[in-house]
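Novice: Just so you know, the sequences run in chain order H and X.
FYI, the numbering for the first sequence is 14 to 595, going by my numbering.
FYI, the numbering for the second sequence is 55 to 442, going by my numbering.
Be a bit skeptical, because a hint or two may be false.
As the list claims (entries may be wrong) - Computed cross-link-like contacts, DSBU-like style, restricted to lysine-lysine with a CA-CA straight-line distance of at most 30 angstroms:
no.: 1; chain 1: X; residue 1: LYS435; chain 2: H; residue 2: LYS61
no.: 2; chain 1: H; residue 1: LYS126; chain 2: H; residue 2: LYS85
no.: 3; chain 1: H; residue 1: LYS126; chain 2: X; residue 2: LYS102
Stated by the list, open to error - Footprint (simulated), chain X over chain H, 3 or more residues, beta carbon under 8 angstroms:
no.: 4; stretch: 33 to 44
no.: 5; stretch: 60 to 72
no.: 6; stretch: 173 to 182
no.: 7; stretch: 198 to 211
Don't read these hints as lab results, they were simulated from the structure.
Glycine included, C-beta positions come from ideal geometry on N, C-alpha and C.
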Amino acid sequence: MTEGKINHKTYHRSKTVTVFFLCALVLFGLAGRLAYLMVFQSEYYSQKARELHERERSIKAARGRIIDANGKILADNKTVCTVSVIHSQITDAEEVIDVLSKELGLSEEYVRKRVEKYSSIEKIKSNVEKAVGDSIRARALDGVKVDEDYKRYYPYDTLASKALGFTGGDNQGIIGLEVVYEEYLKGEAGTILTVTDAKGVEQDEEGEERVEPVSGRDLYVSLDINIQSYATQLAMQTMETKEADRVSILVMNPQNGEILAMVDVPEFDLNNPYTLQSGMDALAFSEKKRQELLNAMWRNGCINDTYEPGSTFKIITAAAGLESGAVKPTDTFSCPGFIMVEDRKIRCHKVGGHGAEDFVQGTMNSCNPVFITVGLRIGVERYYSYFRQFGLLDKTGIDLPGEAGTIMHKMENIGPVELATISFGQSFQITPIQLATTAASIVNGGRRITPHFAVRAARADGSDSQSFTYPVREHVVSDETSETMRYILEQVVAEGSGKNGAVEGYKVGGKTATSQTLPRGSGKYIASFLGFAPADNPQVLALAIIHNPQGTYYGGQIAAPVVRQLFENILPYLDEKIYTGK
Amino acid sequence: MAQRNASRRGQQKGESFMDYSLLFIVLFLVGFGMVMVFSSSSYEANLKLGDSTRYLRQQLLASILGLVAMMVVANIPYHFWERFAVPAYIGSAVLILLIIPFGYSSGGATRWLYIGPLSLQVAEVAKLGMILFLSSLICQMGKKIRTNKGFMLVLLIPMPIALMIWQITNNLSSAIIVMAIAVLMLFVSCPDYKRFFLLGLLTLAGAAAAVFYVVQTAQAHVDDLDFRGARVLAWLDPEAYSSDTGFQTLQALYAIGSGGVLGKGLGQSMQKRGFLPEAQNDMIFSIICEELGLFGGIAVIIMFLMLIWRLMIIANNAPDLYGALLVVGVMGHIAVQVILNIAVVTNTIPNTGISLPFISYGGSSVMFLLIEIGITLSVAKGIRLKDL
């Protein structure tokens, strides 16, 4: 062995060195590969890794408020909390169970099941009052998470429920203004990016990245809470005393179409929109039936339903007659209590007849034969073109969902008998909002306005403000016709069938109506009154409709007093508002 | 040269040499490994076992046992092991065969034997056994090793052990390492380069042919490939196989890439939190890169390079061929394993389970590596200072 040593030494040394350098070479190569991965590919792999580690949680945006003409908040947001537990972070399970079950009013068993469940995050309860959430948070229990969230809140519960509408579980509008102005109200959700391990457990020390939510814009509406409240009171009172099925009251500014009040009692509680009217047990109905009942409860009679307007429609017949020259205020008529149209005998509501009367008196008397005569004089084609001109055949375009259209005979199907019945407001159906809007357009000087609620949208800090404009169609009737109509309708209230609508100290114009609901002979009536004031320069127009009143059912007897009471209260109020320039 | 050899032949009494550089490098790697094992395993250990220090404690125990064994072995003159050459070879074979009736499975492979409370990965024993056996064999062959017959003999004798490791314990990587140790020892023992150059070419051609075959087969019908074939495909395009065979590789690349130049800081790895399988084991180098960055990764490579350099110095100054071959075997073992491990985690070669010496979690591995260092220290003791 010693002999070969020199030989061995010489080459095995150099070969060992060769091995070392080979290894060094390969290791240098690997270091280069490492540098390539960690410098040039770093961004790519970091991005990939971040995508793998980050979980996104969204933060709800505060929904815009709905604010009335006086700045009162009609729809607001309430902060509520969601309480959850993170299993892996709980240190004292018993205390967590004890505190949560007591604070949240849940059974210990229920909480225990969730606390002991092995999951990344388990929700215990949502929609918890902020005070309760705060007190749980103050305990600083490990593994208990209290997240704040927004819930829609309506400070006035039932007030203007059908106009305002409500929101669903994701704070999205379901009906009413809430759904029409969804885009303005909803805002943009924010996000919380949290880093989690492979199982989804959040890594607190990694912190979180927040993209703050953008709150929705506040919606400023023309609705006036004082007028709305009073109108609601009146409607409730009327519904109770007259034992009516439903009472609707619409109050609008006839000059620009702004709606000041829209009442359709019974209303519902916006904070509990899925609770049926009292006396109904939700569990007693099938799912389908329950939904039908809810839909009926949410239905806005002022815009979603049509009715036979009756004599209030004589306003339109009169305007068409005057505008076409078919009738002049001084034209005289004679009413024997009926009129023959072809072979049909159509009765006047006054059995004995009104005798000799001019057109103004005929309107004051709401005399059917007078209006039938006018209607026949106008003729089908002209009458129909006025319908179109007045905007009666289209929808009003109000900013509420589900507006019903006018149900009218086709022009080619209108014979003399149909024309006669249309002339005094029967045999077709329109919505209350359509009647009020058309009447407003006739008395405001002939400008067809668009009824609406929304005036402006802006963020809470006043930025991003946007005013809404609505189409106006000029000259649907001439100034002269409009003025004549104001005069005639003022006479109706001053001395005619609408005298119960008169308000001391104010000039009020208006028209009553009493119509029998279909089928005829059911004994069910709709009593209504449309009034406006001041009669010579209308600033407010109101329409009250009482569905199926018991006892007296004449519009002049029961509906006109409702508008009178309303006007007695709101006219001084509006005067003051105009005076103070609000 | 001759003068130096002549003086050595004199066997004068000199101070016994303790290679503190080597000792320091090894202790540093073991200590650093412990820190990284804790860092990479504590999150998952806490979550799954409720005990964040479980892996650290086991590694610490194995390291202490290994260090004690190292010091004992370092103080035994290395010629003591010469007589265990044949028993080491036969013992390795027996241990591997014992796997068949008594083996313990973990992670789909049967590689461990239980001796009381200790588990033993038999392949680690076989690597040490092969170093001991081949060192004696080559010394006894003398000049015969230069003949083709001798050359083939040294290559063929480790084959049965390598094949057994591959087939019985389903551990191709350990089989490759055993063969690589043999080839390196043979390379150092033979004066020529030609045959090794040919051998290298043959290996490369074989590997290229295998990859080519896998790709061709995959284009025709993927289902015919076994898991190794699938790993080759995943190596070529890990993102296309991200849900199965490419998953671990891709997760390792995410870890390495997201570390950047300076790293996320010790303990800050995200990939160890359940994303990267075997984070404390075969894939620990990617966690080092994620936490300590390119600087940390290169520092570890430099530490290993220094270790190999130190082993080269000892081998070249060993008192005799037997000592030199022992150290060359240890050097080959560590070098091959470091290179293959880093190549795997950086997706330079297809994924195969190889641990990073001294750093990866694994009791048998760290214990037997420390014993090998003990043998090296014993060889180093034979160097008399004035020789250097």
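Novice: For this structure, which hints from the list above don't hold up?
Specialist: 1, 2, 6
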